[in-house]
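Q: Residue numbers (the numbering used here), protein chains in the order written: chain A, 117 to 865; chain B, 117 to 865.
Read the hints as simulated data drawn from the structure, not as lab findings. Hints are supplied without guarantee of correctness; some may be wrong.
Using C-beta positions, here's what the derived DEER-type ranges look like [unchecked claim]:
| # | chain 1 | residue 1 | chain 2 | residue 2 | range |
| --- | --- | --- | --- | --- | --- |
| 1 | B | Ser160 | A | Leu173 | 27 to 33 angstroms |
| 2 | B | Glu241 | A | Gly838 | 52 to 58 angstroms |
| 3 | A | Asp218 | B | Ser160 | 40 to 46 angstroms |
| 4 | A | Ser625 | B | Glu241 | 45 to 51 angstroms |
| 5 | B | Thr435 | A | Val749 | 56 to 62 angstroms |
The beta-carbon is built from N, C-alpha and C at its ideal position, and this holds for glycine as well.
Here is how the chains run, residue by residue.
Protein chains: 2
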Amino acid sequence: MVKCSKNWEYILAAVLSGVGLLTIGILLGHFAIPKGTDEPEAPSWVHSLLRDLDEDLLQDFMNQVEATRIRENLRTLSSQPHMASTDGDKELVQLLLSRWKDPKTGLDDATEVVYDVFLSFPDSERPNSVAVVLENGTQIFISREKEENLTVDQADPRVVQPYAAYAPPGNPQGKLVYANEGKLSDYEELVRNGIDLNGTIAITRYGGTGRATKAINAAKFGVIGVVVYTDPGDINDKKASAEETYPYSWYLPPSGVERGSYNNHFGDLLTPYYPAKDFTYRIPEDQITGIPPIPTQPIGFEDARTLICSLTGPAADDTWQGSLGCVYNLGPGFQDDGLFFNTSEVQVNVYNQRRIEKSSNVLGLIRGSVEPDRYVIYGNHRDSWVHGAIDPSSGTAVMLEITRVLGKMVKEGKWRPRRSIIFGSWGAEEFGLIGSTEYTEEFFSKLQQRSVAYINVDIAVFANVTFRPQGTPPAQSVLFTAAKQVQTPGDNPIPLYDNWKLHYNRTSSIYGVIPSLGSLGAGSDYAPFVHYLGITSMDIAYTYDKSKTSARIYPAYHTAFDTFDYADKFIDPGFTSHQAVARIAGNVLVRLADTLILPLNAIDYGEMLETLYKAVDHEYIVEDLKNHSVSLVPLQNAISQFKSAAAGLHQRIARLQEEASPSPLQVRMVNDQLMLLERAFLNPRAFPDKYYYSHIIMASRSSFIATFPGLADAYISAKKSGNWEDVHQHLTIVVQAIENAASILEPVA
Amino acid sequence: MVKCSKNWEYILAAVLSGVGLLTIGILLGHFAIPKGTDEPEAPSWVHSLLRDLDEDLLQDFMNQVEATRIRENLRTLSSQPHMASTDGDKELVQLLLSRWKDPKTGLDDATEVVYDVFLSFPDSERPNSVAVVLENGTQIFISREKEENLTVDQADPRVVQPYAAYAPPGNPQGKLVYANEGKLSDYEELVRNGIDLNGTIAITRYGGTGRATKAINAAKFGVIGVVVYTDPGDINDKKASAEETYPYSWYLPPSGVERGSYNNHFGDLLTPYYPAKDFTYRIPEDQITGIPPIPTQPIGFEDARTLICSLTGPAADDTWQGSLGCVYNLGPGFQDDGLFFNTSEVQVNVYNQRRIEKSSNVLGLIRGSVEPDRYVIYGNHRDSWVHGAIDPSSGTAVMLEITRVLGKMVKEGKWRPRRSIIFGSWGAEEFGLIGSTEYTEEFFSKLQQRSVAYINVDIAVFANVTFRPQGTPPAQSVLFTAAKQVQTPGDNPIPLYDNWKLHYNRTSSIYGVIPSLGSLGAGSDYAPFVHYLGITSMDIAYTYDKSKTSARIYPAYHTAFDTFDYADKFIDPGFTSHQAVARIAGNVLVRLADTLILPLNAIDYGEMLETLYKAVDHEYIVEDLKNHSVSLVPLQNAISQFKSAAAGLHQRIARLQEEASPSPLQVRMVNDQLMLLERAFLNPRAFPDKYYYSHIIMASRSSFIATFPGLADAYISAKKSGNWEDVHQHLTIVVQAIENAASILEPVA
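Please build the complete structure, drawing on both the sequences and the hints.
A: In structure tokens, the structure reads:
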């Protein structure tokens, strides 16, 4: 029996051992032996391919962005004038390269790319001027050569004389007329007033139309020289005295002069569509269009007051009056009983020289880990007119802080984006977006095939009141998401989204009241990306409270007063708005680079198409079109097709997002649809007369009807010329583009 | 002891049970329990994403291709005339749809897409003719209305009268002159011979230049009507008697007339660049270019003999003489002592009507399993001039056999390609590649973004001697691979590759002696794919032994003798050459759709660029260019850059292929580089005067210098005009395109 009990013990022990062995076996089998060839171990990339944005890491990035560092960046960047191709510019190229190659906070790679670009400069030996001369040729007045030295910076010998870049040299002399803003209608109005413009000099104020256009229009009326000035009514909320202006406020001092490129096109003027390399074919200079045909010179309002307040002739219309403190007469010529004589004439002396100079882009790279062949591009120009603290260094100061934080995360091995990020510091933007345009010309296929989006931060802070970006519709959603995560600076922080909505909003047919995204024109380096290559683009900035100022732009724009001191004292003391811009721009950048499914929205394009359609769907237009056998029904159908294709795509995306492990190629497929949508609106044959403008929706428009630009312009033109064929043709172009775009969003097969 | 021994037994049993339990445990642990969240099971797509081409399945496909089924397809397809938009054409649309929707052998989807296209037809009530009339207006000769009825088929009332599509109606009358091939130099030669061409009718033979060009050139010299005929010397190896020709041989009977589109452009003539839908803008008819400005009519050589052998005037030059069995005199007018009188004139009576008709494409789809957003497109036109057995039904018969076998494999669940396959049965090709062009216009973005390649099989078998495809360089390698796997028909089979090399070869700087791939012109539906969209394209056919025939093309081309009987008896008895074409075209198609890494080769483009460079790198050209400040060094550098980028890409691909489990996104990345390479050669602004031609390398060229077309033409033109700016500009365009293409191949980041 003992034995028996012993036997039971044996059996118990055996059973227990058995259970133990079975367990060990199960454990061994499960953990120690890899699955065999039939079901092999998952390759290492299985999980990395599906990794999504890390919100903690993004928060970490935003926390690391420091206002004081942006301030220091700005101080360095604006310490000296750095006009395109000058020594100051070259020094900044080296600064960018050294920052981006820094072993601890730099990027993966940084390179300089040089182009040979066509620029225009005043002659330092023979300063331009606007003079008043007696019949015997004696000068009795001459405009200031440069701005007054108010804060030391203006005394820097490298401050370039105010001038109208690309205006031709010459010394035309004639009686002065006041031509308001130099619009075609302004000159027509003068003619209606019985004024013979032949042989006159026109003085015009900035605003209302492009810089070059004032002179191009003038020449059509026989005007032989143009003077341009900034009216205190347009820039200074009418403040015109020295005591009310910088260094006592942000307003423009009386001696301040806005420099600028007098050029209606963008890109290097001698090499349209080709990168401006040494071997590149250049068109003859006399084939350049869109620049002043006659000598043109900008002056400050102190000098303008002397000229305008002395004019004779009938008083200008109320809408033409400005804030110089006198009645603006039209001319021609001066009053006999004032500073000058009726026989006194105005001489515009321009000694500008056009020449080909070397200008560089600096390109920085963070290599993508999973999809290195997808590019999120972030850029700003580097060149200024003078010290350029706000324009463009505020943007560059922000960019350098973003690259410092991201570079550090990369160098420390904490982060590498899914997609590649390219940073661009563009050259010679002030002369006409030249560096960015040459870049898009040199790599047009690569950029069109691989670019997710382009983010531009040029002037980061116009004013420190509210966030207000511009962009094409697919960018709206990611801007909204980011704007909800960044707080306004100051004591009562609210999300940028709310502050933006407070200042700029609209009622969306989809979302109700939302912040209103501005439209991209061609005012900065996003232009070639969106208009020429059809890449979804946005421009990010902090700006004014429009209810508190009527300034056309921040007052020191393009003058010798756009300095670090000005930025530090009046634009953004404490640099907290700069910090907010760096956070949101970086947030958008990281989202575009890291989110598994691209945060671009096709439905929002549908809403824009609908809005554009409504602008043309007015009874009288429809009736007009019908009378000429043009129907809007195909357009309406195309938009419906687009909207349902967009809705369908986002439904498929939502289903894909519910899957635990969606196929990475399914993800890539919908991402390609989102990324390439904007490309489908390009038609390089749609606007043969407009350099680079190929985007059917975003191209420039002359007509007042806020609809598809080609259609709007053809309609207005047909009303005059009777050429309704062009209207039908442009309607076809629009319908084809929308149907083509819809087909990008539809199921692929 | 017994107990002890019993104990040992127990222990043994326990140990054995233990081992057993351990084993069971291991097995359970390994197989029955899924890996946990730390090391989750690989998602289901892990292996499918990397699945490569299945060679056995491809072999199986080729084995299933049956010659007899192709023969039966051809009999059905060519059973009646099926000119574009006619009832015969519409019936074939239904045939295609029913085949492709067949539940057992059909595709995933098939749809009909209708366009409203501009066509041109003779008037069945008032037949066109070429007549000889006396001074009093009496007709003493009139050309045949249609071909002679030799094999029943020609008696079909639906056989369209021979005509020159798009030639304008009219009844010009004048003295006849013989103008050889109607080239500009031919008319100049007549003028040099003292012949006043004003008011004359020119008779020209097919060949030497485009159909429409003969009349366009003629009109410049005052000629008022044109007659075109096929000389037996050009098509029949000089055979001209009824007994030597069909139905006794493959040669053209004396009454045979080549119809054709007299149209230098492609695509619908009223809607260039827009899909020809009902709402589409149409240019006014008088703005159409590239068609005859004067009445034009084709005739057979029987009628041509009557006219030409009666001509008076000086004998034509030896090179102008043909095989009508008489001396060809130049005219003007007839001999007085022959059939006609010297006062007899020739009247060209044309009653063609141009009108907009509905024409359909039929699109078939096999959905891709892994990358449905990548398209391999395979197409052929459906419309013929008459029965069109060879042109185009031989190609359609092959396509239907390929879709039957592939469709069956899909329906049986044996196969689904990695990428999507689109089959296109294009409409109205004979009038100018209209259906395929409208398709590319309607979906230009989608097709540019997603198309891997386009395979065209129009005339599948010109003659049953050798395989000879045409294509752009990236297609060469896959054609070689496929050609090594398909055997020639007959008793001594050899690989198509060897047979091709035997008949058409060249010495490659990379591979030594290899088969020579023909160049794509604009002769079939590949034209819009390659020239307008920059999609890698190829045209696949079996063809002649050039040493045994000098025929310009197969003799029954575009005549009422291009029938099933003709094909069955003379072109490919047994249809084994058709079978070989189906096998190789299907092989190429499946390779492009299924191979993990796309079988396209970038290095072969480098060799072509080098060849084009060598053609211009001749001492006198280089000297000429240097004298006008144009250097070829940038071109040479760009080609070097391209070649090293291509070599680098293929090295990276080779390394990727060595990996056991490469990342599917790495694979997609290199595939995108290969797929999109050809797109980088597109520049829609390079040739503003040539509709659709945007491909810098493949565009049409007038110059005799076999180099980059824009450069070659600008050079020849500069030699006359002195406009060397254009040469420099076109050199820039070429260099920019090559550098841009190189950047596609370089590492992406």
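Q: Tell me the numbers of any earlier hints that the structure contravenes, in ascending order.
A: 2, 4
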